[in-house]
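Novice: Here is how the chains run, residue by residue.
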Amino acid sequence: MEAVLYICLGLMFISGVMAVMFRSMIKSAIALAAASAALGVIMYELGGIWAALFEVSVCSGLVTVIFVSAISLSNMDKEELGKVFEDKKRMALLPYILIAAGAVLLAIVLAVGPLLPAVGQVVKPIGDLREILWNNRQADIWGQVIVLVTGAVAVVVLFRERDEI
Amino acid sequence: MNLLQNMMLIIGFLLIISGAYCLIRTYHMLKIIIGMEIAMKAVTMFIILAGYISGNMDLAQAFVITVIVIEVVVAVVAAGIAVNLYKKYGSMDIRNLRKLKG
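As they're listed, the protein sequences go chains S and Y.
Numbering-wise, this note's numbering puts 4 at position 12 of the first sequence, and it's gapless, one number per residue.
In this note's numbering, each residue carries its 1-based index in the second sequence increased by 513.
Chain S extracted, bound-state conformation:
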C-alpha cells in the first residue's frame, strides 16, 4: 500500500517538473495529465475517494482536453516557440533550484524532526461528505454554481468565432 503511494508521489513530482520544463506544449499537457492521475491515486489511497474521482475525471481529463484544443487552435510549432520564448534557456536553472530547495527542506526535516503530527491525533471527524457539502459548506456549493456559470459564459464569449477581433 505504501509502495504505491511512494511510486505515485515520485511520478507526480517528475511529471510536474517535466510539465514545466518541456518545450513542446502537447508534451507539457500530457505530463500535467499524468501528474493529475498520480495525485488521484494518492487521494484514493489516503481515503479521499470522491476527491480522487473528481481529480482523475476533471483535472486529468477535461483540463487536458482544454489544453489540447487551445494548442490546436494556435498552430505555434516547436521552432517558433523556442525562438519567441527561449524556454529551454529560461528553464535551465530549475533543476538546480529544485535540488537546492529539496536539500534545504530535507535538512530541516532531519534537524527538527517530523514536521507533521501523527495520524488521527488532531481532531475527530465531523460527518459524512454529503452532510458536510449540503449542510456545513452550503455557501461553497453556491459559490461553485456561480463560478461554473461564469466559466460557461466566458467559454461562450471567448471561444466565439468572429470575423475580426
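You may find that some hints are simply not true.
[As the list claims (entries may be wrong)] DMTMM-like mimics (lysine to aspartate or glutamate), calculated; alpha carbons at most 25 angstroms apart, straight line:
| # | chain 1 | residue 1 | chain 2 | residue 2 |
| --- | --- | --- | --- | --- |
| 1 | Y | Lys601 | S | Glu153 |
| 2 | Y | Lys612 | S | Glu153 |
| 3 | Y | Lys600 | S | Glu153 |
These aren't lab readings, by the way, just hints derived from the structure by calculation.
From a predicted model like this one, the values you see are computed outputs, not experimental measurements.
Given the coordinates of chain S, assemble chain Y onto it according to the supplied hints.
Specialist: Coordinates of chain Y only, in the frame set by chain S:
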C-alpha cells in the same frame, strides 16, 4: 507512515517552487497556466494530507472538490484568453497583453 507524510510535504513545496518559477520565467500564456495548475496540484495534495492527518477526510474532500471546480474554470477562461491573444497577435506572448486598450 510519518516519513511518507513528510515526503509529501517536501514534494508539495518543490512542486509549488516549480510552478512559481514557471510563472516568473516564461512569457507563454499556456505555459503560465500549466505552472499555475502544478502549484494548485500541490495545494490540493496538502489539503488531502491535512484531512488524512486530522481524520477529517470528508471535510478535506469538500474543500478539494471546490478547489477543482475553481481550477478548471480558471484554466478554461485563461485558455480562452490565450486563444484570442493568438488570433489577434499571432503569438501567445503575454507581453502582447500590454498593447490591448479599452
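Novice: Hint by hint, note whether the structure agrees.
Specialist: Results for each hint:
Between Lys601 (chain Y) and Glu153 (chain S) the alpha-carbon distance is near 13 angstroms, which keeps this suggested pair within the 25 angstroms criterion. Restraint check for Lys612 (chain Y) and Glu153 (chain S): the C-alpha separation of about 22 angstroms stays at or below 25 angstroms, so the hint holds. A distance of roughly 10 angstroms separates the Cα atoms of Lys600 (chain Y) and Glu153 (chain S); the hinted pair therefore holds under the 25 angstroms criterion.
Checked against the numbered hints given earlier, this structure breaks none of them.
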